[in-house]
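Participant: Chains as they are written, first to last, in my numbering: chain H, 1 to 448; chain A, 1 to 517.
Keep in mind the hints are simulated off the structure, nothing from the lab. Some clues are possibly wrong.
Quick list of simulated restraints, FRET-style, between CB atoms [claimed, not checked]: (1) H:Thr28 x A:Asp185: 37 to 43 Å; (2) H:Gly19 x A:Glu475: 49 to 55 Å; (3) H:Ala16 x A:Asp484: 41 to 47 Å; (4) H:Met1 x A:Glu255: 45 to 51 Å; (5) H:Gly19 x A:Asp219: 17 to 23 Å; (6) A:Thr151 x H:Glu196: 27 to 33 Å; (7) H:Arg152 x A:Thr151: 25 to 31 Å; (8) H:Ala57 x A:Arg507: 21 to 27 Å; (9) A:Thr346 x H:Arg152: 31 to 37 Å; (10) H:Ile316 x A:Asp484: 28 to 34 Å; (11) H:Ala57 x A:Met29: 41 to 47 Å.
Every residue, glycine too, gets a C-beta built ideally from N, C-alpha and C.
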Amino acid sequence: MRYLPLTNTDRADMLAVIGAAGIDDLFTDVPVSARLSTPVDLPFHAGELAVERALGALAGENRAAGAGPFFCGAGAYRHHVPASVDHLIQRSEFLTSYTPYQPEIAQGTLQTLFEFQTQVAALTGLPVANASMYDGSTACAEAVMMAARVTRRKKAVLSGGLHPHYVEATYTLAHSAGVDTRRLAAAIDAEAAVIEAIDADTACVVVQTPNVFGTVTDVTAVAAAAHAAGALLVVVTTEAVSFGLLKSPGEMGADIAVAEGQSIGNGLNFGGPYVGLFACREALTRQMPGRLCGETVDAEGRRGFVLTLSTREQHIRRDKATSNICTNSGLCALAFTIHMSLLGGVGLTTLAEHNHARARALRAALATVRGMDVLTPRFFNEIAVRLPKSATQVVDALAGRNILAGVSFARLDPGAGMDDVLILCATETTTDEDIAALIDALEMEFGA
Amino acid sequence: MTILAVGRPTRSDPDMKSAGTTRSGGALMQDEPLIFELDCWEKTGVDFPRDDFGPDLDASDLAGLTRASPLRLPGLSEPEAVRHYVRLSQKNHAIDLALYPLGSCTMKHNPRLDEKLARLPGFIDLHPLQPMSTVQGALKVMDALAHWLTTLTGMPAVALSPKAGAHGELCGLHTIRAAHEARGDARKTVLAPTSAHGTNPATAALAGYQVVEIGQTADGHVDIADLAAKLGPDVAAVMVTNPNTCGLFEREIIEIARLTHAAGAYFYCDGANFNAIVGRVRPGDLGVDAMHINLHKTFSTPHGGGGPGAGPVVLSASLAPYAPTPWVVHQGGRLALLEHAVGEATASHGRMSAFHGQMGMYVRALAYMMSHGADGLRQVAEDAVLNANYIKARLSGVMSAAFPDGPCMHEALFDDTWLEGTDITTLDFAKAMIDVGFHPMTMYFPLVVHGAMLIEPTETESRRELDRFCDALLELAAAAKAGDVDRFKGAPFHAPLRRLDETLAARRPKLVWTSGD
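Just need the whole structure built from these sequences, with the hints factored in.
Facilitator: See below:
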């Protein structure tokens, strides 16, 4: 076994040192009835070649995003990641280290977390950020529960533009914690409608921009209405590249900003692992969930970094903790940090402009297809369209022509009565040829 | 901060000697400023030739919606970025460098094959919402992983989607809550031992339960009498870690399950330590109703400096209908994901997160399992337990084992009675380990053992490395007993930094760099 260094001689010698006659002597606490005398019914060990063949074959049964025209977004985005990012995160010292509990020998991880927090704060336009969450959807749920703690209120209003998976995850996590989540009807241009739903019991309103239909909204008025009622504004962003171009949540009055950071530094990975971004106003710092990295000095007065404010956390506060979160998404946060460090503000803004330009090209092309309506009034890199038939059928039909045409809204929310709505995304990876192939296939599909 | 100025030299600061530092091994080690101190505000390390994207960078249609001021973040050229992050990496300890004996964390070798396979375009470049017909291989990975996990645990079902151990605990308790509520039996309490990991009570509270602690016997096991006394019609679940946080197998586990079920409650097992028994014991044979498995522990997906992890939850037949969506189903020879609480999934308690969980971790864990096989995984448990008992045997002559009688499982637990009278604490001893080349063990956990030192070597250490580790600790312990207090009180001396002022960090939190720094 290539991963097990002990030889049978080692084992025998070590058992002798322990004073045990055999390995079974070390398992005597296991009830006799539960001891397996033989291996379970699974294949025996395999060499690298065999494992690589088997899993390589499974990988080959998937149609990779890059293997043809591709327009899927809706919470996960295909972007080009510089080669150096993946190389650096595979450094042993990053890949195979633990949570930095011993700061003297974990400054590499800690300093990058401090850089990450500073980048997230700048992107979201808020003064503090944590060291990451599992993903955007769980960050959203944690933001709602945090708002309930801060306001001591128990109601959250979720916009009809919030990604349906975020709605479900937030409902699932917040419901058992006693928070009543009310989601407004799904709508293309939904963020203004939440104002009417705010009342004196509202802990927070959750709005997404660009929303799940791609609609970009200035939510400043929502912030004002929330604050007037004593509620907090949580702004959700699933496409982090949009921070390069659009007004930041902080600029629009958000108290808490959460985002999916996958777009920067991380691959699609069929949905995970991703990295949740979480930032807030300074006054709320001690109510934040998750790890926080802070600056301090060592015994010789030199600057260093540590995990801090841990009295919020489960290992100290146990059932009084702000969250049960333990690990964060360290390596994905590192990939984010490195990619963001390569881009810089200048590069992210240029990347965002290119994304918008590709989406404009896509929109212009879609507008030429008869029978199809473009629904999204203001977009960054995603556009919702109404098709003359079921979007799921169209997506399946085009997949048969090796075109991944986007995400049917019914896949996300089958009960919304929007079966004919398709969400398409264009990024810097989308070529003119991809768009032409899509338009040809759609025209054939609609018999134009 | 003058000492971290740009253009800093290697460590030759004369003040360090006057501060009593006996630093060595610092040659060629660079201090490294923050990226914000490199004067890289105006550039970028990513090229965007206009020809690649077309000329249209007009965002006038977004008037009023764009940033009021430019985004101010530094951009590093590739050589600068590579150097920055490689230098930072050198300030980390890692399992690839030496034994990393963090108890309950399971720092074992991470096979590089698993990294290679997870990066195949068919896995890493796959969108979660592509049509099912285009992701059959990914669904087969999920189906195969589920088969391995359910077979190894002897449980009929598994919820794959939780993203970490604590997320899995929450998933388990939500599932239990849904099962109780389906019977109109709203219960309010969860019982957990005082030795439990902090996530257990934190999770129970997050799931809306009150937590009642159950006691522990002098020999490190759940106090059955106390458990029986606290069980009642209001108890929804009993959460027990097995093997427990003292590194011991709960001998009365079957009785714990029986008592729990007799009270109408569900038995949640924290599977953080499943690596000690994989292939030798199936939790399903013990009466477990739900157990999360940390793929980043037992099945060796990399810890990555604190995630990402993955925490699938195996479920008994009575809990399976309440599992969160999505899950994989077979539909006429094809695989599909059930993504909504309709049809077969009507009773599902909800959704733990967007999409389908940690696919990147699934591939790595499955590669690990296939590499080891049924025989190798059994050997994993045996070697992990053997290594821990070997350390316990070698150190027990000098250090005081918390539970000296009988074997331990995958980790050896010591208390601090052996340090009495030395003026050296567990923390001092652990920090001195850094100076002799090893990461400290888990300290002061579990809380039930005074000055706890919890050592988990894992199965991927050679005898030679185990002996190097034991020799180093015995030498340190002898120095402690000989009264060499200075070696411990100021430790570490040879790390990139000396002890950090954590009180200062918490009193005046500085969580981001600001331009006035």
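Participant: Run the structure past the numbered hints and jot down the numbers of the failing ones, going up.
Facilitator: Structure breaks hints 2, 3, 4, 6, 7, 8.
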